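S.K.: Going line by line, the protein sequences match chains A and B.
Its first residue numbered -2, the first sequence is counted upward by one per residue in the numbering used here.
Its first residue numbered -5, the second sequence is counted upward by one per residue in the numbering used here.
I should point out that these hints are in silico values taken from the structure, not numbers from a laboratory.
All of these numbers come straight from a predicted model, not from anything done at the bench.
Careful: at least some of the hints might be erroneous.
Claimed, not checked - With a straight-line cut-off of 20 Å between C-alpha atoms, the simulated PhoX-like cross-links for lysine-lysine are: (1) K99(B) / K150(A); (2) K150(A) / K275(B); (3) K328(A) / K410(B); (4) K59(B) / K328(A); (5) K403(B) / K293(B); (6) K410(B) / K59(B); (7) K2(B) / K59(B).
Stated by the list, open to error - Computed far set for chain B versus chain A, every beta-carbon distance over 10 Å: (8) T(-2); (9) R9; (10) P161; (11) L186; (12) S230; (13) V305; (14) V330; (15) T341; (16) V355; (17) P438; (18) R460.
For glycine and all other residues, C-beta sits at the position ideal for the given N, C-alpha and C.
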Amino acid sequence: MSAVSASAEVVARAASGTAHSPLRTMVAHEWRVLRADRMLLVVALLFAALLGVALWNGVTWSRFQTRVVGELAQADSSRFARYADTLAVMTPGTPLADPFAPDPRNPMTIGGARGGITASLTPSQLSMLAVGQSDLMPYYYRVTTGLRQAVLKGDEIENPGNLLTGRFDLAFVIVVLFPLVILALSYNMLSGEREDGTLALVLSQPVQLRSLIFAKLGVRAVTVLSIAAALVLAGLAVARVDLTAAGQLSTSLWWFAIVVAYTAFWFGVALVVNVLVRGSAASAVTVVTVWLVLVVLAPVLVNLVAQARYPTPSRVAFTTNVRTVTNDANKVADRLLSKYLVDHPELATAGTVNMDDFWTRTFMVQDTIEKTLAPYYDAFDAQLAQQQAVVTTARVLTPALLMQTALEDLAGTGLTRWQRFRAQTLDFHSRWQRFFSERQMRQQKMSASDLPSVPRFTYVEEPGTAVAHRVLSAILWLLLPAGALWAFGLSRLRRYSVAG
Amino acid sequence: MIMTIARKEFTEMFRDGRVRSGGLALLLLVGGSLLYGMRQTQQLATERDTARQLTRAHWVSQPAKNPHSAAHYGIYAFKPRATLATLDDGVDPYVGVTTWLEAHKQNEFQFRPAQDATSAQRFGTLTAATTLQLLVPLLIILLGFAVFAGEREQGTLRQVLSLGVKPSVLGAGKALGVAGVLSLVLIPAAVLGVIAITGMPDGGSDLVRLGVMIVSYIAYFVAWLALTLAISAFASTARVSLAASLGVWMLVCILAPRLMTDVVRSVHPTPSASAFAAAMKRDLDGGFDGHATGAQREKLFEEAVLKKYGVDSLSQLPVSFAGLSLHEGERHGDEVFDKHYGALWTTFAEQERVRELAAVVSPVLAMRSLSMALAGTDVAQHLHFQNAAEQYRRSLMTAMNGEMTMKSKGQDFDYKADPSTWSNVAPFDYEAPSAAWVLQRHTPAMLFLGVWAAGAVLLAGWSIGRMTP
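One chain only, chain B, in its complex shape (with noise of 0.2 Å):
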């Protein structure tokens, strides 16, 4: 019986031109998407590798000089793309691309994407994930929101129902059928995207993420077509049945996202890059007291460090006070830096962490974020990779300052490494983090997901229970 239901439905709603039409571009839309996708992938993945190659070889083809002189030449830290940012490029055009790793300073990342592009950006960009987030629960409601109410306005309910079919049963039919008819625009498009994502190299790496996020895309359907038929059950004509499902659908993926911007910013407010800087400076300059100037630091610095060797003046020391002194300069400088962008990055966090509890209002919320995070393109990743960049940058200040410590004697910034120091440091190696990280991090989203698809459910099958024919 579901099934002859199922067939029912199917049939006439791939009859209908509109729906046809609406699925086919749905379906180019991904598909061009997901091209273009690729070839940006592919494209940011090769100028990317080059570029780290590069700054490598910069770093290893330095001539002998002083090792705190090959600190401030530094190297330059570039973000690698995600494969699956093929899908869905996320926070990606918003975040500079690459920073620079020298002495002292944790550098800011630079060339927001985003940026250098006109004002039409703003819009958004063409991803397979803002198509499936957006348009597919658009086409759900098309085949949806006349299934009951368009009947009951026909007439045809009354006889369905006078002929024994339990309502369950008539809404599964149903549900199966609108599913029959989606499922012809979303599993080529699953398909395609499948193929696109394990056809690039490391591809086949992403497969555990891609398919959380399968799933999670399925379910985010399953809470819309749910919706759509609760509300087609409730509706009295068609006509209010649809005015409904897209007004919801206005309010949750047009409206919520934006004002929840604004929220999460007056929320957990962040202070202004110049407020940042000049807090940072403060620390920087007179230590956390801020009373202690540097030159009085230095003279405490200086007078334990020659009380640990034993010795009276620093010209008896067995190792370069300059070293100690730029190694200790380091030390108070990461203190500072975690003080402060840890502060920073847990702002970030707790408005990322708001948006996603928004979710409760707004299915989308959760599925962007969850898409985001399973691509590699979120917040929490990026700050990742900036984190690993500067734990980097320290590693290579310890070994330049260890280098110099050891080697050099006294105050003095004569003293020239050999160049095999330059090669004998281990380059950036990012490696990004797993699957289970990004799940552990968004529990909350795919929680939300779930009551959402099976709240709906609950709802559809109440409302369809006690419709009135």
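Okay, chain A solo, but in the shape it has when bound (with noise of 0.2 Å):
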């Protein structure tokens, strides 16, 4: 048995008196046991295998994401230059025979329906790192002068199937993967080594138990680390991330310093249950138990209350509402104007609004049914913000669900990058409205020279110091049940009754 020849081993080198230090010759066998071990092998390949799946899976999401941004790109840039060319040849001065026709002269055949402009979310250069909710959530926006719900659609196409189990992405190795490893390898430190009759031995020598301890997590805790950092430094360089870029760097390591804490977290669970759990048996249940009760049932639950105690309005009575309110907006639009001016003196001045204008009519409606669904767009984000304050308190009990985000965070395919995403969209979408409405309404049209006017979308980042603010808060409340484990473990580690 491996484990009785190397401890044997250490007895003999004690004895003999050749040892550098205890501790190191701690480490150098427990290494050499655990290399001897079947266990650490299949564990390690099994997992080095299941990274790189994973990684190329993120990688691959990240391109495809990548690749329709740039093609809608590059469609809106062709369409431009289109209405460039056109505009270029015609004269301005002729008037309009079609409000309808599709004359870029004509400010809504820019922005209406039929022109418009993606606002988009390019993947970060790290979004391999987590899939996130970057399958679920829309990474692009048509946006028109059209009503806020009409720019708020538009799903990438994706089997329910596939969302319902989520992707296999680097996250969930790390968060769901990870920490079974980590019991996998460390769950009967103690128990196996007293089942073998070895602990007592080793510990007949001038070795403390806590040397010991240190020594076997040690080294289990550098193997489980550098497989991962290893695998995930190759994946960075196949995808050809650029590390010396801004802000790469420092996501990397802060990727690094949580996985770090995480790792401490779950050590520290194994360092408990080996130190309160006798039988090798009894802690892989225990172990087992803890893992499915924090990884797999708290978050479930945590959504389970914060949806049950805040639920988000009803998105069907919803679509009838709008109904309801635009076909009661559309019958009183002649009286719309007078409201709508007192909201935009500037086109009142300009005295050339004119209400039989098909268009015009429609902003006053538009206008009305946004004022009046205002109060409900708010009420489902404040219940949306308490859901995910119920989430943000109970973090201490979900460790799962705080790395989860904080990965998510970190890639860039989190719900904060997104929500941030869709509300510089909606403000977009506003500055859009703004620019063609008025146009329209003045009947001013559109020449080369107002192109360049038009507005534009670019995604403002948001400073990688926020997202370090809670990648370090995600670090800190992983670090605090941590400490805590380890305190605990280590104070009744003194307890331990190595015979029996």
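Fit the two chains together into the complex; they arrive one by one in their own frames, and the hints show the way.
M.R.: Spelled out as structure tokens, the structure:
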């Protein structure tokens, strides 16, 4: 038995006095034992293979999205080039016969449903690190002068069966499987040696139980972390991520830092289970139960509580409400103008607003609809914020959720970046609407020189420090329970009975 | 003899505090998820019934207007909530709840509930189904891992076998003992489930589905129980038995489903939404050959109509050319939609088929697919609803364009139809597919589940028969 021989070696070396320091010897032997054990090889190979597959999936998905965003930008710029060509040869003076004609002198040709522009969220350089919510949330919107509700639709095509299960991405490997790897390697560090009868033998030498457990934990931690680090670095290299570019290096370092914190937490769990639970089989049942509760059940229950406590207003009722509101607004369209002009005095002085214009009426109606629906949108966002608050409050109970959110944050595929993108899109939508509606209502035609002043969307990234701040807080919330587990485990270690 | 062994196992396990608390926790989870599911189902059903009536009222109360204008106004279709979704909400959080049925367009479904949630949503939802699929197997492992391996370690296995007990009898007794403890959790859970379902309005109509669901879950648990016993008979120590069973559970329940997502996506890739929309637009604008412009096709159509009615000009037509032309537009659109959505939905179906075939390596995939299908919350039944909504849209458009064609003349859009026209259109009444429809499509899943159960029982019999004391 490898454990016996290695421990015997510790004994022999310690007896002959050739050891450098006991800790170093123990680390060296623990490493040898682990290496000789097929368990480590199998687990390490499986873990490495899964990391590789997950990284590949992340890279593939990131490339897919980047390509789509590129194609859409290309389509927009060639359409704008066509407008420019057409406008260059057109005489601006001739009146438009048909307000619906696809004529770029007509502002609504460019701004309306037939025109429009794409607002897109390019995957970040490190998006391969987590697919996150990016398979579920739209990563581009078609912005037109239409209603907010019409702009905010358009999902990427995906089989709902795939969304239900989720992708096999790096975050899944780290959040869900990595703890299992840690626990599989360390659930019986003490009980195993005791059952083999080697623990008493080793501790009969001038070696402390504390140093022994540090050696065992240290070797395991360094092994699993090196595998993860090596593969992720290889992944970054394969995906040609330029670590010297702004922010990439610090993001990668934050990634490693939080993975280390998560590792510390799970080794803390392993330590406590080792100290408290006597038999190996009982330890195995205990670690699996802890994993199950923390990784599988806790996030689900937190979500359930959040949704049951703060349900979002019904989208179904919303759909029919929009129709009722639209019907009502259409009925009083003629009376809407004076109200509208109160909010837009610049148009009142221009004196060119013509209520017979189809588009003018449309804008009036839309404006009323949006104003009527605003409380609904606010209520919706408020309830979601409350749900998020529940999740945030529960973070110390849900290290898995904490970790998942932080990894998504670092990869730029989480809800924070997406919500920011959506908010910026809505902002851009109002600018776009204002630009074209004002021109249309003043009956001002577009000319080639106007094209550069048409609003363009660029997503403004959150400052890197904000992300770092959230990740740091996640790290602290992981280290807090980790520290408690370690402190408790080490203090109970003194009372650990080696015999029996 | 079998009963004696079973009684001994039962008593021993039941006295184990871990088993009792595990069982109790499981029962609480099933009970809690059932209550939440019932609340959800009732709430969603009411909300959607109200919306359905409201959208109908909107449609019926339209003033006199041109039928094509009414066609543009359209109707909303709301996806009904299946009663059995109480047990398994399947893909429901990931599919839209409503679509707008309007002229010229087959719209996508909107508002996927999962998009309006926190990131915790992606860890899954708590339903009776997830509890049964993931957690009950764990309880089975907890109950059964030491059944043989533990006795072997303690030396009692040798003693028992020396008494002349046949291994098969011993195995059957132990299996019954474990099943007895398990039934303390599962029978109350099943009773709760049946009460929850039959107590709901409309619940009685789903009894066949519910019955098949219960039988499938029993087969699934038999597979896990037999597999656990087989491993326990093989393993040298209880620790090895536990590690092996848990390893299988991880691979089968946690790893396999996720890995399959990326496998099915790469075996049957779906197009990007923008490429899909562009291809559809190309066919809509240019016809299938991609050459004829809309104007050219309209010219050809005009000639054909004139010829058919034997007149020289549109003004001489006894019917409305605008109506005919709109109808022709819808017909062409329908062909294009059928081509593109047909291909896309076939890809989805193929992805689901590959996922189901992977049940060869993971019984949970078969169980999951079957459970969702029986609950009426799988991809196929969502597409069934989407298709029904689209067919209704087409009948609505045919009615509106027919009204236009027969009651109006020439190119005229000034014709205003009487408000009674709107109420003459039948409301959209969706009928969910029958249990037979579902079962027919999931023969492979049932087969795999049966093979898993039977195979695991055979394996257990074999390994128990030749186990070394």
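S.K.: Each of the hints needs a verdict: does it hold here or not?
M.R.: Here is what the structure says about each hint:
1. K99(B) / K150(A): holds (15 Å)
2. K150(A) / K275(B): Measuring from Cα to Cα gives roughly 18 Å; hence the hint holds.
3. K328(A) / K410(B): holds (18 Å)
4. K59(B) / K328(A): holds (14 Å)
5. K403(B) / K293(B): Status holds; Cα separation ~18 Å.
6. K410(B) / K59(B): holds (4 Å)
7. K2(B) / K59(B): violated (80 Å)
8. T(-2): Holds: least Cβ distance 26 Å, greater than 10 Å.
9. R9: holds (16 Å)
10. P161: Its Cβ never comes within 10 Å of chain A, the nearest being 23 Å, so this holds.
11. L186: Holds, because the least Cβ-Cβ distance between L186(B) and chain A comes to about 18 Å, which exceeds 10 Å.
12. S230: The assertion about S230(B) holds, with a minimum of 13 Å to chain A.
13. V305: Fine: 29 Å to the nearest Cβ keeps V305(B) off the interface.
14. V330: holds (17 Å)
15. T341: The claim is violated: T341(B) sits with its nearest Cβ about 8 Å from chain A, within 10 Å.
16. V355: The assertion about V355(B) holds, with a minimum of 15 Å to chain A.
17. P438: holds (15 Å)
18. R460: The claim stands: R460(B) keeps its Cβ more than 10 Å from every Cβ of chain A (closest is about 24 Å).
Hint compliance for this structure: hints 7, 15 are broken, all remaining hints hold.
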